[in-house]
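So the protein sequences, as listed, match chains A and B. Residue numbers 20 to 631, in our numbering, belong to the letters of the first sequence in order. Residue numbers 1368 to 1442, in our numbering, belong to the letters of the second sequence in order.
The reader is advised that the hints may include incorrect statements.
[What the hints assert, rightly or not] If you want the footprint, here are the derived chain B segments under chain A, 3+ residues with CB under 8 angstroms:
1) 1394 to 1404
2) 1410 to 1419
3) 1423 to 1431
4) 1436 to 1442
[To be verified] Straight-line C-alpha distance at most 16 angstroms; calculated EDC-like pairs for lysine to aspartate or glutamate:
5) K1428(B) x D1399(B)
6) K470(A) x D1393(B)
7) K252(A) x D1407(B)
8) K66(A) x E45(A)
9) K288(A) x E1386(B)
10) K1369(B) x E1386(B)
11) K558(A) x D589(A)
12) K518(A) x D532(A)
Calculated from the structure, these hints are not laboratory results. Cβ atoms here follow ideal geometry from the backbone N, Cα and C, with glycine treated the same way.
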Amino acid sequence: MKGWIGNILRVNLTTKTYKKESFTEEFAKTWVGGRGFAAKILYDELKPGIDPLGPENKLVVALGPISGIPAPNTGKCVVAAKSPLTGFYGDGNLGTRVSDQLRKAGYDAMIVEGKAAKPTMLYIEDDKVEFLSAEEVWGKGTYATNDWIYAKYGKNAGVLNIGQGGENMVRYAVIRSLEGRAGGRPGMGAVMGSKLLKAIVVKGTKTIPQADPAAMKALGFGDLKTVHEWDKKSGWSIQSTTGVLAWCNEVAALPVQNCRKTKHPEAWKIDGERCNNARVATYGCPSCTMKCGVTVHDKEKHESELDYENVALLGANLNIFDIEQMGSLNYLCDEYGLDTMSAGCTLSFYADAIDQGATKGDFKFGDAERAKELLGLAARREGEVGNLLADGSLRMAKKFGHNSEAYAMQVKGLDIAAYNCKFIPGQALSFGVAPIGAHHREAWIITFELKNSTRESYGPEKAAKVIELQRIRGGMFECMVSCRFPWIELGWKLDNYPKYFNLVTGLNWTLDDMWNAADRIYALIKLNYIREFPEATRKGDYPPAVWFDPANADTDGPIAGKHLEEDKYDQLLQHYYDQRGYDKRGIPTKVLLGKLGLAAEAAVAEKYAKLS
Amino acid sequence: MKVTVKLIGPLIYSAGFSEKQITLPDPAAVKDLCTRIKLDKKRPTIITRNGHAVTLADPLKDGDRIAVSPLYSGG
């Protein structure tokens, strides 16, 4: 087998044991890597109903066949587990040197089981695994922890670590790596914390087996250089993703005041121009040649690394139009190891719920100083308010009642990314049918629906585009494991990715093979969902109810009086199900599962839920 | 007629401005505006007026606000 090493490292924190397990080429070709490996491992190894914050849960770190290989933007890894936020399969990716170091240590993935007796750091160096004390940094943030690790092992080590948010099992705590950013929005950091696992450090010295290493090296290094040149020529990295804010404000898609509004006259104060003007450094993942992180000084003079999602959700959606103050909130999320998007949505929901009279509290939109305090309370789970906020917007809404769930901006428990879909049906569908909850990674369809369709349309063309994008983004890029930015932002051809895949594996795959694998993985995640929620209906694929509410429609601007229409959304959802081959609940049919080679997985699911 | 152009992201730096009002002869279409601001024709863009996409052939009206953005894949 080439491309894949063929080994998975299994570590048990309870027994302090580890073993190397091999997998077959058939497994590799069926699940590709990254998200595919993680979804399959967790489907096979986790029983439905387990406590995601208990020792029965498992954390999977998974890489792809081009991880550690020089090619454009491959310095990422996937982290996955049963989500403490959503209650079923959850995952995410982040930039980190674990991407190449774990592969060079001789593994395509690792599985962490059990629970340590005391705060632990796993140190992996080739065939050696050490269970080291992390008591010295338990209670410390991700920056201090990362520095402590670098002091011991140098900056070439691959690092994953958590902050106070993960330690205290905040349900939207992420895993961090200073080599990249953060990943695992559905609470992967909380899963690490529940296992008393503060950090994973990896060093590897082995060679990754490739079918044609000379050709891959020549192509990969050449393409890295080309992507860098294209980026320089395009100017994309000047603002990188922060440029999206001004566009969303122009087309009335910006989340403002918990999505009550879609644009704001002060949005320019935190737009890409202002972020770039305030830039003090630029940040990127390993092996990245189009770095996307815009680093600014926050109010307290920390370096805070921004992208569009955190600017919009910790800024505009909280009515905070001050780069330094928004930067402070972003820095605190990174320091505590909290998902910036869920933290922003949770705070904006709290302010909204107070405004609507659903609960009492002392937090108002625009109050950056109180927002900073609240993030600290949540990260430490301090007091009633801290514990409330640490559980995320959906659980808060269920406690508050008063129909507040309608404006908890989440799907399946995972808070939305920064696109206000008050009148963007296709993007609302994308959030609704994203397999792990309202994640923007799966399908970003706004440009298509404005440019190639019409904003008003709920037609099958939008469902088809969501599926196409899911296959590319949530499928191929998450399995390979690679960053999508060169593709749309620079026009890097998708055909390049099977080319890399074939050079390292010796296979002869086309993009259609990638889409087939992607469909299989999406179907398996759906089986995971229905196994955990056997009574689930298509309503689980609906976006937040407030987007359907005429009373919430904009009163002025480009979409004044407009809102999503429930009957039409339901038709759009049906287009998606029909094109996917899913039943009326949004679950793959047995016929489809058979075609995807998932008959055995379907039989397992049928023990818990009915399949059509 | 007078129209306002708002450029997004990297287009600001290639055109040398972020937002400005431009006077065009009446009638004028979106493509006339793109020619005036020397928009790179090879670069894929989305052009919108009041939150809805327009084509190069669409006529402009006095007072229009036109946003020109490169294609993004999200944040």
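Q | Numbered hints the structure breaks, given as an ascending list | A | 1, 3, 6, 8
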